[in-house]
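Each chain, written out:
There are 2 protein chains.
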Amino acid sequence: MKKISIQLLLTGDELMAGDIVDSNSAFLAHALAESGLSIARKVTVGDDLTLLTEEISAISKSADILIINGGLGPTVDDLTAQALAQSMDTSIEQHSEALTQLSQWCEKRGAQLSPANLKQTMLPKGVDIVKNEIGSAPGFMTVLNGCTIFCTPGVPRELKLMMHHQIMPQIVASLPQAQKTNTIRLQVFGMGESQIQELLSSNIPDWPEQLSLGFRAGLPSLEVKVTAYREQDNQLQQTYVKKIAQLLGDHLFNYVDEKPLSLQEVVLNLLADKGYTLTTAESCTGGLIASQITSIAGASQNFHAGFVTYANESKQQLVNVNATTLAEYGAVSEQTVKEMALGAISTAKADVAVAVSGIAGPDGGSEEKPVGTVCIAWGSASDMRTITLLIPGNRVLFQKYVASIALDLIRRFLRATTSTPTYVTQRQVKKEVESL
Amino acid sequence: MKKISIQLLLTGDELMAGDIVDSNSAFLAHALAESGLSIARKVTVGDDLTLLTEEISAISKSADILIINGGLGPTVDDLTAQALAQSMDTSIEQHSEALTQLSQWCEKRGAQLSPANLKQTMLPKGVDIVKNEIGSAPGFMTVLNGCTIFCTPGVPRELKLMMHHQIMPQIVASLPQAQKTNTIRLQVFGMGESQIQELLSSNIPDWPEQLSLGFRAGLPSLEVKVTAYREQDNQLQQTYVKKIAQLLGDHLFNYVDEKPLSLQEVVLNLLADKGYTLTTAESCTGGLIASQITSIAGASQNFHAGFVTYANESKQQLVNVNATTLAEYGAVSEQTVKEMALGAISTAKADVAVAVSGIAGPDGGSEEKPVGTVCIAWGSASDMRTITLLIPGNRVLFQKYVASIALDLIRRFLRATTSTPTYVTQRQVKKEVESL
Numbered sequence: 001m002k003k004i005s006i007q008l009l010l011t012g013d014e015l016m017a018g019d020i021v022d023s024n025s026a027f028l029a030h031a032l033a034e035s036g037l038s039i040a041r042k043v044t045v046g047d048d049l050t051l052l053t054e055e056i057s058a059i060s061k062s063a064d065i066l067i068i069n070g071g072l073g074p075t076v077d078d079l080t081a082q083a084l085a086q087s088m089d090t091s092i093e094q095h096s097e098a099l100t101q102l103s104q105w106c107e108k109r110g111a112q113l114s115p116a117n118l119k120q121t122m123l124p125k126g127v128d129i130v131k132n133e134i135g136s137a138p139g140f141m142t143v144l145n146g147c148t149i150f151c152t153p154g155v156p157r158e159l160k161l162m163m164h165h166q167i168m169p170q171i172v173a174s175l176p177q178a179q180k181t182n183t184i185r186l187q188v189f190g191m192g193e194s195q196i197q198e199l200l201s202s203n204i205p206d207w208p209e210q211l212s213l214g215f216r217a218g219l220p221s222l223e224v225k226v227t228a229y230r231e232q233d234n235q236l237q238q239t240y241v242k243k244i245a246q247l248l249g250d251h252l253f254n255y256v257d258e259k260p261l262s263l264q265e266v267v268l269n270l271l272a273d274k275g276y277t278l279t280t281a282e283s284c285t286g287g288l289i290a291s292q293i294t295s296i297a298g299a300s301q302n303f304h305a306g307f308v309t310y311a312n313e314s315k316q317q318l319v320n321v322n323a324t325t326l327a328e329y330g331a332v333s334e335q336t337v338k339e340m341a342l343g344a345i346s347t348a349k350a351d352v353a354v355a356v357s358g359i360a361g362p363d364g365g366s367e368e369k370p371v372g373t374v375c376i377a378w379g380s381a382s383d384m385r386t387i388t389l390l391i392p393g394n395r396v397l398f399q400k401y402v403a404s405i406a407l408d409l410i411r412r413f414l415r416a417t418t419s420t421p422t423y424v425t426q427r428q429v430k431k432e433v434e435s436l
Numbered sequence: 001m002k003k004i005s006i007q008l009l010l011t012g013d014e015l016m017a018g019d020i021v022d023s024n025s026a027f028l029a030h031a032l033a034e035s036g037l038s039i040a041r042k043v044t045v046g047d048d049l050t051l052l053t054e055e056i057s058a059i060s061k062s063a064d065i066l067i068i069n070g071g072l073g074p075t076v077d078d079l080t081a082q083a084l085a086q087s088m089d090t091s092i093e094q095h096s097e098a099l100t101q102l103s104q105w106c107e108k109r110g111a112q113l114s115p116a117n118l119k120q121t122m123l124p125k126g127v128d129i130v131k132n133e134i135g136s137a138p139g140f141m142t143v144l145n146g147c148t149i150f151c152t153p154g155v156p157r158e159l160k161l162m163m164h165h166q167i168m169p170q171i172v173a174s175l176p177q178a179q180k181t182n183t184i185r186l187q188v189f190g191m192g193e194s195q196i197q198e199l200l201s202s203n204i205p206d207w208p209e210q211l212s213l214g215f216r217a218g219l220p221s222l223e224v225k226v227t228a229y230r231e232q233d234n235q236l237q238q239t240y241v242k243k244i245a246q247l248l249g250d251h252l253f254n255y256v257d258e259k260p261l262s263l264q265e266v267v268l269n270l271l272a273d274k275g276y277t278l279t280t281a282e283s284c285t286g287g288l289i290a291s292q293i294t295s296i297a298g299a300s301q302n303f304h305a306g307f308v309t310y311a312n313e314s315k316q317q318l319v320n321v322n323a324t325t326l327a328e329y330g331a332v333s334e335q336t337v338k339e340m341a342l343g344a345i346s347t348a349k350a351d352v353a354v355a356v357s358g359i360a361g362p363d364g365g366s367e368e369k370p371v372g373t374v375c376i377a378w379g380s381a382s383d384m385r386t387i388t389l390l391i392p393g394n395r396v397l398f399q400k401y402v403a404s405i406a407l408d409l410i411r412r413f414l415r416a417t418t419s420t421p422t423y424v425t426q427r428q429v430k431k432e433v434e435s436l
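As given, the protein sequences belong to chains A and B, one line each in that order.
Numbering of the first sequence is given in full-length UniProt numbering, commencing with residue 1 and proceeding in unit increments.
Numbering of the second sequence is given in full-length UniProt numbering, commencing with residue 1 and proceeding in unit increments.
Hints listed in this document are in silico derivations from the structure and should not be mistaken for laboratory results.
You can trust all of the hints, since none of them are fake.
Heads up, the list lumps identical chains together, so a pair's fine if it works in one copy or across two of them.
Here are the simulated BS3-like cross-link-like pairs (lysine-lysine), alpha carbons at most 25 Å apart as the crow flies: (1) 369 with 108; (2) 160 with 400; (3) 259 with 400; (4) 225 with 160; (5) 243 with 259.
Construct the complete structure from the given sequences, taking the supplied hints into account.
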């Protein structure tokens with residue numbers, strides 16, 4: 001089976017100037033990967049007619065498919081139609097279907113067709129329209145030098161709908177022996193990509209060539225993707241997904257073949273299942289855990305209140321930490337976070353809590369408790385657990401990682417898991433014997 | 001003055017797969033822009049020796065400067081040195097200076113030189129080393145077909161140091177009539193790019209061609225950049241920066257020629273100046289304001305405690321909102337946020353507070369208070385102000401924008417400004433007459 005060569009051409013001065021970061025090509029790569037396709041080469045140029053025309057001509061001679069992104073807008077900087085026309089050695093003219101769609105688009109919004117809008121209907125002779133469901137700029141396509149060229153809008157949500165509904169079906173239909181691919185994603189927290197790769201290659205040395213294995217690294221979670229390209233391999237896929245799930249154990253927090261869930265969504269679902277409410281008492285994360293939970297719609301059902309107790313006095317006033325505990329063990333101690341969590345539960349009348357206190361840095365560390373030290377308490381009033389970890393990294397990364405660990409510990413508590421997460425094995429600060 | 005043609009070549013399978021978003025090229029564009037330079041064209045390919053070699057050869061024939069990013073690591077996927085050697089028609093050999101630097105790097109860390117590390121010292125014959133101050137992979141440079149080629153590491157912080165300390169000085173020194181360019185950035189909150197552009201073009205129709213005007217859009221703040229390319233234009237630059245500052249008024253929250261500050265840093269600096277502490281009582285932002293403040297090192301000096309009062313009972317229990325206020329006016333009302341802010345000040349013993357309560361959506365809206373409605377209270381115990389705004393957008397954008405507005409209102413309070421911010425003019429929900 002000949003490998004299809006797909007190239008991207010991105011255009012826009014703001015891309016070249018670095019004023020926007022290109023997230024469209026990551027989206028395009030993922031959309032294509034869902035069908036087992038990949039991008040061979042990507043070229044980015046500014047809004048320059050000569051450069052654009054040269055690139056289109058050159059790429060059309062070597063690629064099977066060219067996706068051009070950007071330059072469809074109404075301003076003079078938007079040059080894709082003109083450049084494509086020059087590459088095709090033709091002129092631009094008003095495209096009647098584009099005009100009809102645009103008129104309908106304006107009508108729906110009670111807006112007048114402006115001259116700027118009309119520019120968007122001036123397309124190279126002979127191109128076909130690719131419908132833009134939500135924006136004013138129509139997409140269009142043609143074949144040049146045997147290469148199928150799709151011109152797509154730079155606005156991410158317009159691009160996404162156009163790819164999913166118009167372009168991917170066309171590309172998939174044109175593939176030899178087109179098959180519906182099927183990807184299952186396993187979402188993992190607490191293990192890195194290389195760690196997972198090692199785990200899998202040593203335990204599953206016989207990975208079948210009918211399935212592809214991919215990773216998508218991210219903070220805080222990571223995705224392992226198992227793709228089957230033919231329907232007849234779906235059973236095999238299930239078998240291998242189960243093998244992987246077993247190896248990942250409790251590090252696997254969700255597995256899906258549709259929309260993935262975040263760690264906080266999984267925690268909220270578990271809370272909802274049990275009818276529990278959660279509260280937070282945060283020192284070093286300063287509200288980040290609460291804000292991650294409340295970024296999810298409907299969080300209010302199971303999260304009623306949270307405390308940011310940054311200063312020692314706040315720990316006493318807001319969540320009833322004893323002054324003697326602070327004096328004896330310090331703000332960053334398992335004793336203090338335990339009292340913070342219990343105090344939060346009692347003040348907020350919640351069922352479970354997580355409390356964190358640590359040294360985010362860059363200042364504030366000591367020999368005994370260096371920057372990166374964090375104490376966490378999690379659980380219920382009758383079953384409150386504590387731990388001390390050492391988390392490297394700068395302030396913002398430390399805060400993000402600690403917030404994710406806090407959520408993961410609550411998830412494990414709610415699921416009553418008994419295994420030890422890797423971040424504990426690797427980062428726990430062992431307790432010294434406190435008194436002889 | 002001939003325009004220097006600079007091109008980028010980025011390499012990495014993870015870039016092509018969209019598993020990481022390319023932020024390096026935005027950084028490179030900004031670093032070059034500081035010296036008035038721009039990137040003409042950017043090509044991205046996966047870890048493929050043939051493709052890489054072809055690109056290097058082709059680009060070297062048309063560009064003055066080529067920056068290659070990525071592919072310097074220790075694994076078999078890292079192919080930059082090999083590809084450059086093939087383009088140069090030479091072989092790779094152990095580079096003695098690279099070996100010395102790498103040995104020192106290992107020694108510092110008490111680590112052994114591994115075979116994988118040693119691969120990083122195998123470079124094309126005749127290249128010069130570009131020092132990597134913090135990583136194991138040395139950069140290197142050469143001249144091919146009249147094009148100066150710099151090979152740089154993909155790890156962002158290694159790239160940044162190498163660009164600032166090694167590569168930019170070399171590029172600037174090679175420029176004809178090299179001049180120190182000078183950029184002044186004005187940081188703005190509450191006005192959009194098109195709004196500012198209109199304001200400037202209608203009030204400063206005579207923009208001088210010696211200065212360039214740029215924008216860097218972002219959430220929540222926006223940067224207006226005024227660059228002078230020659231020392232003799234610095235006076236003119238000052239004049240125009242002052243004109244712009246006057247037009248922006250209190251929307252300008254900071255102006256700098258060095259590192260920009262975030263809105264929360266400006267607020268923390270103002271609090272420190274006055275010796276005040278701030279507290280937060282957050283409903284719809286769920287801890288986001290607190291977490292933005294505490295993301296700044298040293299925040300603990302002026303921020304001791306915050307409250308996340310998501311449920312009505314929490315508003316009563318944590319910050320003493322009256323049950324009758326909630327019953328009479330609802331959780332999303334100026335009366336409630338005022339009591340939240342006053343309660344937070346009293347419980348946390350703070351000097352100033354900001355409180356927010358709103359409908360983040362997608363559910364929970366009503367005809368009277370649609371999704372996007374938010375009430376904010378800000379000020380001190382003796383001078384507490386309130387407002388109701390209607391902020392469009394999805395849940396996460398709503399939360400971010402509300403958090404930024406809350407910070408900006410505190411900034412304006414601390415600076416005792418008297419002007420009305422644009423977001424109030426445009427988004428205020430006017431109070432109805434409450435009783436007849």
